[in-house]
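K.L.:
Line by line, the protein sequences are chains A and B. Heads up, the final residue of the first sequence is numbered 200 in our numbering, and it's a clean run with no missing numbers. Heads up, the final residue of the second sequence is numbered 274 in our numbering, and it's a clean run with no missing numbers.
Incorrect hints may have been included.
Looking from chain B toward chain A, a few residues come up when the C-beta cut is under 7 Å (computed) [as the list claims (entries may be wrong)]:
no. : residue
1   : Tyr211
2   : Gln239
3   : Val245
4   : Leu250
5   : Arg251
6   : Val267
Cross-link-like lysine-lysine pairs, in silico, PhoX-like; alpha carbons within 25 Å at most [stated by the list, open to error]:
no. : chain 1 : residue 1 : chain 2 : residue 2
7   : A       : Lys20     : A       : Lys69
8   : A       : Lys161    : A       : Lys74
9   : A       : Lys74     : A       : Lys196
10  : A       : Lys59     : A       : Lys20
11  : B       : Lys264    : A       : Lys69
12  : A       : Lys125    : A       : Lys179
13  : A       : Lys179    : A       : Lys161
14  : A       : Lys125    : B       : Lys248
15  : B       : Lys248    : A       : Lys179
16  : A       : Lys59     : A       : Lys74
17  : A       : Lys125    : A       : Lys196
18  : A       : Lys69     : A       : Lys161
19  : A       : Lys171    : B       : Lys248
20  : B       : Lys264    : A       : Lys171
21  : A       : Lys161    : A       : Lys59
22  : A       : Lys20     : A       : Lys74
23  : A       : Lys69     : A       : Lys137
24  : B       : Lys264    : A       : Lys196
25  : A       : Lys20     : B       : Lys264
26  : B       : Lys248    : A       : Lys74
27  : A       : Lys74     : B       : Lys264
28  : A       : Lys69     : A       : Lys59
29  : A       : Lys161    : A       : Lys171
30  : A       : Lys137    : A       : Lys125
31  : A       : Lys137    : A       : Lys171
32  : A       : Lys171    : A       : Lys196
33  : A       : Lys59     : B       : Lys264
Just so you know, these hints were derived from the structure itself, not from any lab. C-beta: ideal position from N, C-alpha, C; glycine also.
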Amino acid sequence: MATPNKTPPPPPSPAPVDEKRAGFEREALVHLDVLYRVALRLTGNAADADDLVQETMLKAYRAWDQYEKGTNAKGWLLTILRHAFINEYRRRTRHPENVDLDTIEPFAVFGEVQDDDPQGAFFDKIVDDEVLREIDKLPEAFRETLVLSDVEGMSYQEIAKILEIPVGTVKSRLFRARKVLQGRLYDYAVSQGYIKGTPA
Amino acid sequence: MNCRECVEHLYEFLDREATPELERDIRQHLEECPPCGEQFDFEAVYLKFLRARCRTQGAPEELKRRVLRELFGE
Numbered sequence: 001m002a003t004p005n006k007t008p009p010p011p012p013s014p015a016p017v018d019e020k021r022a023g024f025e026r027e028a029l030v031h032l033d034v035l036y037r038v039a040l041r042l043t044g045n046a047a048d049a050d051d052l053v054q055e056t057m058l059k060a061y062r063a064w065d066q067y068e069k070g071t072n073a074k075g076w077l078l079t080i081l082r083h084a085f086i087n088e089y090r091r092r093t094r095h096p097e098n099v100d101l102d103t104i105e106p107f108a109v110f111g112e113v114q115d116d117d118p119q120g121a122f123f124d125k126i127v128d129d130e131v132l133r134e135i136d137k138l139p140e141a142f143r144e145t146l147v148l149s150d151v152e153g154m155s156y157q158e159i160a161k162i163l164e165i166p167v168g169t170v171k172s173r174l175f176r177a178r179k180v181l182q183g184r185l186y187d188y189a190v191s192q193g194y195i196k197g198t199p200a
Numbered sequence: 201m202n203c204r205e206c207v208e209h210l211y212e213f214l215d216r217e218a219t220p221e222l223e224r225d226i227r228q229h230l231e232e233c234p235p236c237g238e239q240f241d242f243e244a245v246y247l248k249f250l251r252a253r254c255r256t257q258g259a260p261e262e263l264k265r266r267v268l269r270e271l272f273g274e
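From just these sequences and the hints, can you work out the full model?
P.N.:
Listed below in structure tokens is the structure:
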């Protein structure tokens with residue numbers, strides 16, 4: 001038990017660089033998995049995803065003083081990652097498609113399966129790799145919205161901020177992205193004999 | 201609320217992003233309309249499936265080491 005006249009000296013205060021590092025590790029580095037998953041879906045290959053994440057972390061560490069501590073580090077990091085992707089990677093990895101998103105007609109899967117499989121049991125038979133492959137084939141605007149929502153569980157508001165689009169656009173893109181993906185997964189399930197039916 | 205309006209907002213509802221008024225209208229419609237209820241259940245299964253399939257992958261250990269090395273020189 002400590003006595004009043006024998007208080008231990010206070011521990012030496014940490015150097016600023018250690019504090020910066022500790023803060024960065026606590027708030028930013030913990031999101032490495034998220035950044036990697038998003039980078040992988042944006043670039044479409046592991047080597048570029050590695051480089052993109054690395055570059056994002058370097059940029060974030062340099063700009064760490066501008067980040068308001070304790071707010072939304074994940075959103076802040078994803079914004080940096082997306083800008084780096086658009087400016088430096090998209091040109092050489094994937095080309096922004098000239099796709100008219102309005103012409104992509106979602107297929108009504110539920111109408112096809114409601115008699116035979118209204119509970120969607122066929123989904124269980126589709127493995128991770130196949131789902132990711134189909135996500136990678138979506139137009140970029142659909143893909144990034146769907147990844148932030150369904151892979152990373154972000155709110156419409158957070159997604160709108162990262163993608164710099166209105167919340168209403170997030171809603172409509174997410175609706176159509178999910179429907180298009182669902183139609184393609186259904187086609188795949190039919191082609192594999194997981195479910196009876198006619199491909200779209 | 202009719203079926204078309206209800207289905208239009210199904211993801212907002214399932215994502216818990218609907219306003220309280222919209223959520224109330226949808227719940228009321230679903231109680232009165234079993235086919236829409238079935239469709240909502242199907243879509244909920246689909247979203248759960250997507251999350252389960254896509255969230256398993258993490259950053260490779262080598263990338264973690266590379267980031268630490270680059271940032272802190274270790």
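K.L.:
State for each hint whether it applies.
P.N.:
Evaluation of the provided hints:
no. : hint                 : verdict
1   : Tyr211               : holds (5 Å)
2   : Gln239               : holds (5 Å)
3   : Val245               : holds (4 Å)
4   : Leu250               : holds (5 Å)
5   : Arg251               : holds (6 Å)
6   : Val267               : holds (5 Å)
7   : A:Lys20 to A:Lys69   : holds (11 Å)
8   : A:Lys161 to A:Lys74  : holds (12 Å)
9   : A:Lys74 to A:Lys196  : violated (42 Å)
10  : A:Lys59 to A:Lys20   : holds (14 Å)
11  : B:Lys264 to A:Lys69  : holds (22 Å)
12  : A:Lys125 to A:Lys179 : holds (19 Å)
13  : A:Lys179 to A:Lys161 : holds (23 Å)
14  : A:Lys125 to B:Lys248 : holds (14 Å)
15  : B:Lys248 to A:Lys179 : holds (14 Å)
16  : A:Lys59 to A:Lys74   : holds (14 Å)
17  : A:Lys125 to A:Lys196 : holds (13 Å)
18  : A:Lys69 to A:Lys161  : holds (18 Å)
19  : A:Lys171 to B:Lys248 : holds (18 Å)
20  : B:Lys264 to A:Lys171 : violated (34 Å)
21  : A:Lys161 to A:Lys59  : holds (19 Å)
22  : A:Lys20 to A:Lys74   : holds (17 Å)
23  : A:Lys69 to A:Lys137  : violated (37 Å)
24  : B:Lys264 to A:Lys196 : violated (45 Å)
25  : A:Lys20 to B:Lys264  : holds (18 Å)
26  : B:Lys248 to A:Lys74  : holds (22 Å)
27  : A:Lys74 to B:Lys264  : holds (17 Å)
28  : A:Lys69 to A:Lys59   : holds (16 Å)
29  : A:Lys161 to A:Lys171 : holds (13 Å)
30  : A:Lys137 to A:Lys125 : holds (20 Å)
31  : A:Lys137 to A:Lys171 : holds (20 Å)
32  : A:Lys171 to A:Lys196 : violated (31 Å)
33  : A:Lys59 to B:Lys264  : holds (16 Å)
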